[in-house]
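Keeping their order, the protein sequence lines are chains A and B.
Residue numbers for the first sequence follow this note's numbering, so the first one is 1 and each next one is one higher.
Residue numbers for the second sequence follow this note's numbering, so the first one is 1001 and each next one is one higher.
Keep in mind that the hints were calculated from the coordinates and are not lab data.
Each hint should be verified, as a subset may be incorrect.
[To be verified] Distance ranges between label pairs, derived from CB positions:
id, chain 1, residue 1, chain 2, residue 2, range
1, A, Ala-38, B, Gly-1043, 52 to 58 Å
2, A, Arg-276, B, Pro-1108, 25 to 31 Å
3, B, Arg-1070, A, Phe-5, 15 to 21 Å
4, B, Gly-1043, A, Phe-5, 35 to 41 Å
5, B, Lys-1019, A, Leu-112, 48 to 54 Å
6, B, Pro-1108, A, Phe-272, 27 to 33 Å
7, A, Val-255, B, Ser-1127, 51 to 57 Å
8, B, Arg-1129, A, Gly-11, 23 to 29 Å
Keep in mind that this is a model prediction, so the values were computed, not measured.
No residue lacks a Cβ here, since even glycine has one placed at the ideal position from N, Cα and C.
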Amino acid sequence: MNATFSIHRLGLTIYKELQEKYMIILTSIGIILMIYLAFWALNLIDGEPVSTAARAASAATTLSIISCLAPFFLYKNENRRMEGVFYAVSPSSTLEKTISMLVICSVIFPLLSTVLLMSLDSLLTLMPFEASYSGSIWGSMFSSKEYLDKITNILNFNTDPMSIDMVNRMYDTINPLSIPPIVGLALSQSAFVLLNMLFRRHKIGYTLLTLLGIWVIVAVILVISAVSFFDNIQSNPDIDPELIYQWMITMYKAVTLTYYIFPIAFWVLTYFRIRRLQY
Amino acid sequence: MDTNNPVVKIDHLKFNYKKHIVFEDLSLEMEPGRIYGLLGENGVGKTTLLRTICGLLRAESGECTVMGMRSASRNPEMLKDIYFVPELFVAPPISVKRFIQSNSLLYPRWDAAQFYKLCLTFDVDPSYRFDKLSHGQQKKALIAFALALNTRVLLMDEPSNGLDIPSKTTLRRVISECATEDRVIAISTHQVRDLENLIDPIIILDRSGMILNANIEQISERLLFTVSPTPDPGAYWSETSLNGYYQVVPNHDGLPSRVNLEALFNATLRNKETFKKLFK
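With these hints in hand, go ahead and build the complete structure from the sequences.
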């Protein structure tokens, strides 16, 4: 049998991990559903109707947060010296362990949570209360349309020096490149998975501090580049608007690319971390 | 299956924890059908050796292979035939039954009936939550699981620690019952009395490496464990007892005697260089 990968072994590894973790998965989903029910009950008391978009947004936010926190509950002990011995010596390859983690954290858990949460929402729409929920959130939950609208709204902030035509062109270029929210979730979750495997103690605290640190550094770099960019525009009033357009498109493409590259890079790093467990 | 070839082979192993050197040049082989006893004072590297064999630690240089595969690469083909029972472990918050159901999936020679039989012998109820059992009960459950996996290599780190006296007797019995011709069992301990009459060969480690690696027959050929009314000036080790002096002396005349592991251990630590030459 192949030492690196065997589909039979992968199946057994996923099944083994699910057998060990199913209670944690169900408890976490139970908590999400309780939060959502509490949210619904508050709306009932308030008496104000809640739009489908608002419900979809709150459900998506809850699911994103819980999906990012899932690795901390599901793989809390695997990288610890004493608690992680059984995981390290279990007879599956590093690749199989990584794929199993990916399947459980990024597919099974979010999928199950989403389906159950949306089913609960649908059930709540059937409740015969006044000011209860109405309409389905199934269609708008992970739509990228709102995200795209936000982008185009930002780009529309000033039609001078850019013409309406340029904004339209930009929309047409960005549209096929637009980042679906699911990709954003994959990026943040993969970062949380990696940091969960890197830190042995105080995992959530250290992860949040690390991400905050990275966010500050990225924000500083972006502010500096934006300032220098606008300084350039001010000092060269005759600058060709086409150049600005090209620069913004390139920037957008670069950001889009990182959204797709970083999750892969984080999972590759997680693979190497699992390979070095206990060493 | 060839039962003469060594299953575990350690070749010029060098291992250190930062500046603390544990092994400088350790070489040894473990053959199937035997229960190796790994003895040594605290901190000489017994646990490190077991963890290196099962791939939990990676040596600085040298090589450790299990069934011809480098242990540090943690090949699944190797891992499915090796199991490590740590001295201290954190039991997962699931029932023992659930633990064995999930963890046994990847071991081809797992025998569930044998596990439940061993649980009965050890008086452990597998329906209990693993983490809610006492330390001794947890250890017995894990040992029962490890034995029922029927892996070719079974490594146990201080298995008798935390067990009550009747359980220690049961432990000796079940280990000897589970020792088969194709299986290597290595047990590390510093409580030599707990494993008396079970382990053979004996490996004694110290900070300079391995002092002794010999089977009981070789030891009794070279050493005489005897009681005499007066102390022998040539004794490797002696201790006063009710009948006189219990001593470990050179066995020049090839007299038979019963090897006392505690006396052997003390004699070895006092005569490291002599014993290294004696058992070379």
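To see whether the hints hold, each was checked on the structure:
1. The beta-carbon spacing between Ala-38 of chain A and Gly-1043 of chain B, approximately 54 Å, falls within the hinted interval of 52 to 58 Å.
2. Separation of Arg-276 of chain A from Pro-1108 of chain B is about 27 Å and conforms to the stated range, judged on CB atoms against 25 to 31 Å.
3. With their beta carbons about 18 Å apart, Arg-1070 of chain B and Phe-5 of chain A fall inside the hinted range of 15 to 21 Å.
4. About 40 Å separates the C-beta atoms of Gly-1043 of chain B and Phe-5 of chain A, a value consistent with the hinted range of 35 to 41 Å.
5. About 49 Å separates the C-beta atoms of Lys-1019 of chain B and Leu-112 of chain A, a value consistent with the hinted range of 48 to 54 Å.
6. In this structure the hint that Pro-1108 of chain B and Phe-272 of chain A lie 27 to 33 Å apart at CB holds, the actual value being about 29 Å.
7. The hinted window of 51 to 57 Å between Val-255 of chain A and Ser-1127 of chain B holds, with their beta carbons roughly 54 Å apart.
8. For the hinted restraint 23 to 29 Å between Arg-1129 of chain B and Gly-11 of chain A, the CB-CB distance of approximately 27 Å keeps it satisfied.
Of the numbered hints given earlier, the model fails none.
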